Amino acid sequence: MSRIEVREDRCKGCLLCATVCPVEIIAQSERFNAQGYKVIEVRDMDSCTGCASCARMCPDMCITVYKTAKAPKE
Amino acid sequence: MQAAEKLVFKTPDVIIDRPTHYCPGCQHGTAHRIVGEVIDELGLADKTIAVASIGCSVFLYNYLNVDAVEAPHGRAPAVATGVKRARPDRTVFTYQGDGDLASIGMAEIMHAANRGERITVIFVNNTVYGMTGGQMAPTTMIGQATTTCPGGRCAEREGLPIKMAEIIGMLGGVVFCERVAVNSVKNIARAKKAVRKAFECQEQGLGFSFVEFLATCPTNWKMSPVDANKRIADELIPYFPLGTIVDRTGGGEDK
Ligand SMILES: Cc1ncc(C[n+]2csc(CCOP(=O)(O)OP(=O)(O)O)c2C)c(N)n1
Ligand code: SF4
Ligand code: SF4
Ligand code: SF4
Ligand SMILES: [Mg+2]
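Chains B and R supply the protein sequences, listed in that same order. Taken in order, the first sequence gives residues 1 to 74; the numbers are from our numbering. Taken in order, the second sequence gives residues 1001 to 1255; the numbers are from our numbering.
Honestly, the hints are just simulated from the structure, not real lab data. Everything numeric in this text was worked out from a predicted model, so none of it was measured. Every residue, glycine too, gets a C-beta built ideally from N, C-alpha and C. Any given hint could turn out to be false.
Beta-carbon label-pair distances, calculated as ranges [stated by the list, open to error]: (1) R:Asp1040 / B:Ala27: 29 to 37 Å; (2) R:Arg1115 / B:Thr49: 41 to 49 Å; (3) B:Pro22 / R:Leu1206: 35 to 43 Å; (4) B:Gln28 / R:Arg1115: 22 to 30 Å.
The following block holds chain B by itself, in its conformation from the complex (with noise of 0.2 Å):
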């Protein structure tokens, strides 16, 4: 399961991440940070590819993304 790790306190809540996530499972979440931006959350971990679409597009740096190669192909 390849899976991202959002710095919640860094997000700014553009959704830019969103709009390029191939398996659609970013959104916007009902929580605000510190610094009172709406932070987003990932909806369905499993489905994560581990693209890291999202990483590249956001522009305040807050997603770390691990990969896991499918069990088969190890």
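With chain B held as given, fit chain R with the ligands onto it using these hints.
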């Protein structure tokens, strides 16, 4: 056995771990990161000197962990000329906005490019004076409303938006010149390749290199970050086409 997890994307090491002062969705951050990735990958952090300019990116030195000089408005290419001539062993780049480079700094950029100074220029064109509250820039699009052309820029009154990359590409000392955007994952990959080439061209002592980034200023465009990003593809790229304008590095062809 559990499949091994691999770190595939992280913030470049040369980027200082600090929140930026940029507005949500502002693509100065994306341009900073791409420059940081290239500095990391080419191992240039210890020998790079950034010449920052006046505009929203004025605090560049807070975000990139390299030596830096702050230039007066528009004068970054002149300051970088001095820095590079005094320390030719260093990698010297300017980072300038469109108000800075294409308006008050037009003379400095033209002559630095024409002289073929061995510097790299990162030019962030967001079609507006961002920092000062959204006045018209030489790059403002026809019809785009700003505080100094509230009815929209008019070609007859204010002229057409200046295409800097094309103009710079015509000058003799230019070895590499490309226009890029960061509105899609594909364009971000191309932008990084161009910045890498621009820095390599300096490392090889070939001459002047220039990369124009089309970027958003959601705040002064009065658009959401997502809509502002769409505007890059819908309005800006058709007028400011992406691609290599000059490549005399030997690794590619002129257009
Ligand atoms: C000599 C001088 N004239 C004018 C200004 C005011 N000023 C500060 S930033 C700026 C324009 C910035 O626009 P741009 O270069 O496009 O940068 P952006 O903020 O859009 O990234 C101006 C006119 C100044 N600081 N110094
Ligand atoms: S890494 Fe790819 S699949 Fe995973 S959340 Fe980011 S964009 Fe979506
Ligand atoms: S692109 Fe970055 S700042 Fe914008 S919503 Fe996504 S994680 Fe937050
Ligand atoms: S005013 Fe525009 S250029 Fe300046 S930080 Fe905000 S969005 Fe970015
Ligand atoms: Mg600008």
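Hints and how they fare:
no.: 1; hint: R:Asp1040 / B:Ala27: 29 to 37 Å; result: holds (31 Å)
no.: 2; hint: R:Arg1115 / B:Thr49: 41 to 49 Å; result: holds (48 Å)
no.: 3; hint: B:Pro22 / R:Leu1206: 35 to 43 Å; result: holds (38 Å)
no.: 4; hint: B:Gln28 / R:Arg1115: 22 to 30 Å; result: violated (50 Å)
Of the numbered hints stated above, the single one contradicted by the structure is hint 4.
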